[in-house]
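Novice: Okay, here's what each chain looks like letter by letter:
Protein chains: 2
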Amino acid sequence: MRVLKDLGERRAIELILEQLEKMPQMPIPFGDDVSAYPLNGERLLILKTDMLVGKTDVPKGMSFWQAARKAVVMNVSDFAAKGVKPLVMLVSLGMTGNILEKELIEVAKGLNAGAREYGAFIVGGDTSEASDLIISLSVFGLAEKDYLMLRSGAKPRDIVAVTGLFGKTSAGLKVILENCKASKDIRGSLLEAVYMPKARLKEGLALSATKAVTSAIDSSDGLAWSLHELSKASSVGFSIRNVPVAHETVKFAEMNGLDPLDLALYGGEEYELVLTIKPNLWDKAEKAVKSVGGELIKIGTATAERQIILEVEGKRRVIEPRGWEHFKRL
Amino acid sequence: MRVLKDLGERRAIELILEQLEKMPQMPIPFGDDVSAYPLNGERLLILKTDMLVGKTDVPKGMSFWQAARKAVVMNVSDFAAKGVKPLVMLVSLGMTGNILEKELIEVAKGLNAGAREYGAFIVGGDTSEASDLIISLSVFGLAEKDYLMLRSGAKPRDIVAVTGLFGKTSAGLKVILENCKASKDIRGSLLEAVYMPKARLKEGLALSATKAVTSAIDSSDGLAWSLHELSKASSVGFSIRNVPVAHETVKFAEMNGLDPLDLALYGGEEYELVLTIKPNLWDKAEKAVKSVGGELIKIGTATAERQIILEVEGKRRVIEPRGWEHFKRL
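Order-wise, the sequence lines are chains A and B.
For the first sequence, position 297 matches number 297 in our numbering, and the numbering has no gaps at all.
For the second sequence, position 192 matches number 192 in our numbering, and the numbering has no gaps at all.
Bear in mind the hints are in silico, worked out from the structure with no lab data behind them.
Treat the hints with care, since some could be wrong.
Because identical chains share one entry, a pair is satisfied inside a single copy or across any pair of copies.
[Unchecked claim] Computed cross-link-like contacts, DSS-like style, restricted to lysine-lysine with a CA-CA straight-line distance of at most 30 Å:
{"id": "1", "residue 1": "Lys-290", "residue 2": "Lys-278"}
{"id": "2", "residue 1": "Lys-109", "residue 2": "Lys-315"}
{"id": "3", "residue 1": "Lys-184", "residue 2": "Lys-198"}
{"id": "4", "residue 1": "Lys-60", "residue 2": "Lys-5"}
{"id": "5", "residue 1": "Lys-85", "residue 2": "Lys-145"}
{"id": "6", "residue 1": "Lys-202", "residue 2": "Lys-22"}
Start from the sequences and build out the full structure, keeping to the hints where you can.
Specialist: Pasting the structure below:
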């Protein structure tokens, strides 16, 4: 009999979806980062749930406060990628009976801090007894259908862009979990990326208002994986000519004999946005992101051919559909 | 240092709430069964999350299909108590890597069956790796503020009513967990109450339309506990003169030397509605519930004095604030 770890998370989700009767006229299809319910006219209720599990999502050294805040960031990041402001959140907390009172208070403070950091409020929830820390968040917002940024919609010749540099989280995780070396000048920055991730909400909202974005996703499963998801949903390929790697990651890779591009492409738990932009609206999009203090970095173009190719320094390599996946043991 | 099992779930929730910055003008205060966000006019978005955990919520002999359906029922029951139709649901699934493919499919089928049984659709979700089965559901609906049934609002002289008989679930759990005796003629019915609970959604929606209800809650933490919650939220007491005990429970109690009233009052995981009704609208309320195939049973009256007293067969006893509580070991 096959078990879940043979199937992997993605096949498991397909299997689940095959059992579900679909709501007629779903405004956002299964497989995108958020779900929706049609309110009146063009207005949509936007819904999202994601669960943080102690064992898999809370690396060594992360405090309860940071874990709770991270649970919020994971969810807000998907709202950011769709250009939707999170309004309210519910939290379903699973904990062991042995969690300390002060740890419980830390969890609550971390949830509140995360919600307020992105302008949302926690308005309800529930606690249960579980054998591990479980923070399941549900997030709600409202959107006009025309302003939603979906995974589908990229066209050949659109510009591919990201909102920041890659590779710090995967390097940081290697410091924490594999005892990789990191000199003093980069160590803090790498650990900060792991313990205090940021969602690009300001950037996502500013971009949504420009209507310049044709497809969008966050990079929480890794840049490579995100590109493959956009490719699949939009039926395009990508020619990538620039992978913006954080300088700390370049240094870390050198110190540990690793490939900085691998760290940047196949990491995960990194919450940048990966977007395609209409070429004629590039300037507008760039300006919008700058106006909220962010940056928009060109990394390539969408192509009719459905391959995802990295072309840097005269070398061509295929960007593989690899990234973080629950359950799968490779 | 105090840990959660010393505090109990209720104190834990208070501690969490103390750390949260409250959204201004919350349409439903913390502590009720659902949360709300104001849309335009009198329209509210209604939100609810509740988590089923294998270890604590899935008794021996319950199938994966039944566990998943039960996760839906737990959530729908709170919507029923507020008089709100659940429209869409999201599911956050935690599972071990060793769950069988066919068990995963059963979970998905059970979720779908539960949602469809109550007219809702599952529109999204997420899977995670966890050390136990975790089914965290989020449910969404829409309501007009005037039609919401809250925990607060009961007035002295209101009629206290319930939608069915009590005690089958607690008897069934004693059969499953404590090997209590049950003769063949009642065993099936007791186990059915545990494995296939029903939410009183039709009844809740019909009652909400009458505007006869002044306060409402479901009995998922036990009838006694529900009365105490209504008492606290509404600042009234109750004089209870009739506890409707299922005949199977009476028989089970006799066979095992137990008190049937204890089984009916202090059980839990039973999903009847407990309501207070305006006396002048009683007939309307009763008719509304009958019209959807249910029954509304008078059990007592609300009183100005804040005690909760049971008066049957000339005997007076205090109904204690006991019931199911996570974490607490008594």
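Novice: Please go over all the hints and tell whether each is borne out by the structure.
Specialist: Structure-based check of each hint:
Taking CA atoms no more than 30 Å apart as the test, Lys-290 paired with Lys-278 passes inside one copy only; the shortest distance there is 17 Å, against 59 Å between copies. Proximity of Lys-109 to Lys-315 under the C-alpha cut-off of 30 Å is found in neither arrangement, the shortest distances being 49 Å within a copy and 48 Å between copies. In this assembly of identical chains, Lys-184 and Lys-198 lie within 30 Å of each other by CA distance solely inside one copy; the values are 22 Å within and 60 Å between copies. In this assembly of identical chains, the alpha carbons of Lys-60 and Lys-5 lie at most 30 Å apart whether taken from the same copy (23 Å) or from different copies (25 Å).
For the identical chains of this complex, Lys-85 and Lys-145 are neighbours both inside a copy (13 Å) and across copies (24 Å), given an alpha-carbon limit of 30 Å. In this assembly of identical chains, the alpha carbons of Lys-202 and Lys-22 lie at most 30 Å apart only when taken from different copies (23 Å versus 33 Å within one copy).
Going through the hint list in order, the structure does not satisfy hint 2, though it satisfies all others.
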